[in-house]
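There are 4 protein chains.
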Amino acid sequence: MQKNIRTDLAREASAAMGALQGVETFSREDEGVEVYQVQVNTPAAARTLGKAMGRYVTLDATDEAFSDMDRREHLAKALAQEIKKLLPEDFGTALVVGLGNARATPDALGPKALEMVMVTRHLIEYMPEAVDERLRPVAAYAPGVLGVTGLETAEVVRGVVKRIKPGVVICIDALAARSAARVGNTLQLSDTGIQPGSGLGNMRSALNAKALGCPVLALGVPTVVYASTIAQDAFQQMLDALKEEGGGEFGAFTRAVSRDDLLALLRQAAGAGDMVVTPKNIDELVAQAASVLALGLNLALHKNLSVEEIRAFPF
Amino acid sequence: MQKNIRTDLAREASAAMGALQGVETFSREDEGVEVYQVQVNTPAAARTLGKAMGRYVTLDATDEAFSDMDRREHLAKALAQEIKKLLPEDFGTALVVGLGNARATPDALGPKALEMVMVTRHLIEYMPEAVDERLRPVAAYAPGVLGVTGLETAEVVRGVVKRIKPGVVICIDALAARSAARVGNTLQLSDTGIQPGSGLGNMRSALNAKALGCPVLALGVPTVVYASTIAQDAFQQMLDALKEEGGGEFGAFTRAVSRDDLLALLRQAAGAGDMVVTPKNIDELVAQAASVLALGLNLALHKNLSVEEIRAFPF
Amino acid sequence: MQKNIRTDLAREASAAMGALQGVETFSREDEGVEVYQVQVNTPAAARTLGKAMGRYVTLDATDEAFSDMDRREHLAKALAQEIKKLLPEDFGTALVVGLGNARATPDALGPKALEMVMVTRHLIEYMPEAVDERLRPVAAYAPGVLGVTGLETAEVVRGVVKRIKPGVVICIDALAARSAARVGNTLQLSDTGIQPGSGLGNMRSALNAKALGCPVLALGVPTVVYASTIAQDAFQQMLDALKEEGGGEFGAFTRAVSRDDLLALLRQAAGAGDMVVTPKNIDELVAQAASVLALGLNLALHKNLSVEEIRAFPF
Amino acid sequence: MQKNIRTDLAREASAAMGALQGVETFSREDEGVEVYQVQVNTPAAARTLGKAMGRYVTLDATDEAFSDMDRREHLAKALAQEIKKLLPEDFGTALVVGLGNARATPDALGPKALEMVMVTRHLIEYMPEAVDERLRPVAAYAPGVLGVTGLETAEVVRGVVKRIKPGVVICIDALAARSAARVGNTLQLSDTGIQPGSGLGNMRSALNAKALGCPVLALGVPTVVYASTIAQDAFQQMLDALKEEGGGEFGAFTRAVSRDDLLALLRQAAGAGDMVVTPKNIDELVAQAASVLALGLNLALHKNLSVEEIRAFPF
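Here the protein sequences line up with chains A, B, C and D, keeping their order. In our numbering, each residue carries its 1-based index in the first sequence increased by 404. In our numbering, each residue carries its 1-based index in the second sequence increased by 404. In our numbering, each residue carries its 1-based index in the third sequence increased by 404. In our numbering, each residue carries its 1-based index in the fourth sequence increased by 404.
Treat the hints as calculated values from the structure; they're not laboratory data. Don't take each hint at face value.
[What the hints assert, rightly or not] In silico lysine to any residue, SDA-like type, Cα no more than 20 Å apart, as pairs:
1. B:Lys569 - A:Gly571
2. D:Lys566 - D:Gly617
3. C:Lys569 - D:Gly563
[Unchecked claim] Only some residues are given here: those of chain A computed to face chain C with a beta carbon under 8 Å:
4. Met473
5. Asp474
6. Arg715
7. Ala716
A virtual CB, placed ideally from N, CA and C, is assigned to each residue, including glycine.
When you get a sec, could you build the whole thing from the sequences and use the hints?
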């Protein structure tokens, strides 16, 4: 059994654990996008999985799904469908929160996505007659990160939420995956909000319904894999290969050195805990992923807007 | 008498009005920096001047004072002295607020300065034993602007202030001057906070002691002059010149056309109300001004730090 | 007669001069875009106008034409038509040169536009079979400015042109207009290349057919008006108004003070020579203008691409 | 014997090979900085090592040497000493070339460093009398990368060199290391120029004395490790550990599976060839490394400037 798998994707955490009481998974394919849902139903399952109770939806596309504009649009539309299922009816104002550090590329997904989210709350408030009636009030907020502001992100967001009383909060954050193959090909959406310790910025306090007093969705894309995870997985695959091919000698091998010793070696090879594996074109990938998230949100939060209308906003 | 002078500098507003009951001004020179103070003492004077009651200190240096590193340091030290006079004793936590739009160059002064403000609140809170005891808790916060976030800046700042309860708030904002000669040569510090309609972002609500529940300093540098102001001033200077040189013909001239007609012409020549006059090297100027403000704050908010220590932070 | 009018737009220079031997102008309207052509036919006319011999085409749209995506597309298509008329047949490789300083907002138009120009030369050279046959080889080059590189821009561009031997060079540069109303509403295209002293960066040497050995087009948008020009124009309008309304008093007025004295006063009010008048949202305007220029170029340089295909590039 | 080690550091390549005919190494410590020199003397050694003939100097500091301003200054001074040893006497003009993609963080080291290099060539040429005589003519040039410009970097640099005829060219480039521990702690300087296939941008043609007609120094800092290298090294360390601890069972183990099978597994775990391992704070690291390189160059290229004078430039 794998332990200490460092991933923000419920799908990966669930796959590592195998079948688990209190966890349901569903999968369907939708025109080239695999929609995979993990439902965590019990506190016990949440503890075992290291994921809060709730629903996690993963949209998986094939390789480099973000690099092609048509596929980005297709993914954004599929995402919008899933977001709509989780949005409360008549949510009034939506507050989109872009978590992460705008000046640290792999962590900048949230602030970057915000730049493309259609912000309408002030227009609807100050010139309601001039605003297309299909638009709903959306505000966008980038709280920054603790190391830059000296302020707990959750603290700041709670302060703003208390003031403007949104009907739903949607947090966007950069994620860590377990598998390098998912970086840049996967979106995760959940109705659980953000838990302490998750995301690249490693939040200290929760941003969830309990903390904010309204439904909180979380939206993210993995932009890195921790180097230690890569090393650990490589080791596991090797053990599996040895088991299959190696027959009797495997026993001798495992007696020879302890598993923990080997893991320590691997981690050392991969460098300190803060080393991450990331595509060389990480700047481009973050920009593309941000545009998918923003487009998905723009489609889901407003009524019957086309992609062309969204591109042409403000209108 | 001049009316409708559009300037965020109390010194300019006061100069345009001439001597005024309820307004005191002081001036002294300090090693090449002119320190000029305007004290607005009565509600009537505040109304006439269009500036809230309180103290406004202007530091004026000679031409292009920001382009030279030595002079920037000199100005920052003079600024630190003035800030210290306005800081409450034992202020606990200081919250520095960077107003303005980080993505609009002439308006980006606040967010730019924040990047260089030493942020220490989280260090002091989470690892107090590791922190130099001369450091005081400082947090830094860039609320964004209404057009980008959909949120009233004052609303957001109030939410954060309520959460973290600072002993003093210091707002940094880009200003409009009346005279092009002051752009890039002047700093203004006041104990009045920020009033509605001031600054380039044109705040809708106040950020002052009444709104935030603690002393609020305002700190700014003019980065633009409104084109309409330039035109109006050019006209005024011309009238003055005519008066001096023109003798009797002046009467004939002023009868010929009305003053308002001329002003309308001038405004039209200068373009719509949102045209601003700004140096061509505005990006550089904003960066330099931001570094002066941040250095002045870093010197004033902490105890006995040298410029070298501040440059070497984190230490 | 106006002198010393500081404008990079041939249309404005020509309008200031009135009818001039050796200069032909044509105007037509094309679905809301005014296409205005100035043809400078003789060396004498070129000297008087301060513009090199050749053809200058201005596309003028109505107010804030760049702020709306549909109108940007419309303008880009009209621009593409005009560019095609000036492109040599079978030009082989096109080199697009983005002049100006990427780190000075009003001067960053060229480098910004380059970011959106479809670059294909390397694809066609290294994997010709994989490239859509409608694409022609385009390279993009941002030489930087003298103050940042220590290198004469023309010198650097000549070095590159000699190496890669393009069939046409297209220079993009930020321009100064005379009238604030043209900032952000006008595009200028010419077959004359870039002359010394023009553009915001104030080139020292020419980038034209003689210097580079192939046809050189110039493409630009005014992003500023010099403050001194505004002041001068305001004065001129006032004089005109006086002439009309003032009758006999005008003589007395003009005797009273000399024109040059007044101009000096006006210039002083407008600040030093490097002050420019620019819209407050200059960052946004430069981004929008850059996207129009890039889209126009992408449509003109390749064969039968749709706007959607260009957006989806690389394909 | 290790093969296919992917590193731009001659020190690592040499260490992987062990003692080799035609390769000399020297090491000394200089106040906390280890100066390690690899001299490749024969074509055969160059082929075996995969490094061109010439001298490679590595400056290794301890952990996170770049994060502390004092240590950055110390490293820069040590670097300046080494650069001076390799500079030709009376080099006339120096051309500093910043290789890499300014918009891809791990590859942006060269362009970022250029921003801080003191550029003086134009000052000395156009106003020699106003320039401090300790300054020598330095130009700075960022050619961009093939994917963005459509132009071979070497082609463009050769064009510029031919025009301005510098006495020495210094190329700055982001490097790949073999060991994650060297990322952000090591500088490499060589007199060999840049070879095809090296650096993150993977140059296609050489930038060396033969290609450019003058001495060419190369200066770089590793900003990434290829994920495949990490995986391979982890495997090697494990084998070594088994050898030591495992005794007789090692034979059985290695018979069980082939080495190549295992390597293939490891590479697969680490993701595609373009995955890189990089610190999470890569943006910060690149900025800090760039400032060390620029300061080292500024100290070496001019005469007797202090760090303070360099910071205060232009003076």
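Hint by hint, here is what the structure shows:
no.: 1; hint: B:Lys569 - A:Gly571; verdict: 26 Å, violated
no.: 2; hint: D:Lys566 - D:Gly617; verdict: 9 Å, holds
no.: 3; hint: C:Lys569 - D:Gly563; verdict: 11 Å, holds
no.: 4; hint: Met473; verdict: 4 Å, holds
no.: 5; hint: Asp474; verdict: 6 Å, holds
no.: 6; hint: Arg715; verdict: 6 Å, holds
no.: 7; hint: Ala716; verdict: 4 Å, holds
Consistency note: the structure conflicts with earlier hint 1 alone.
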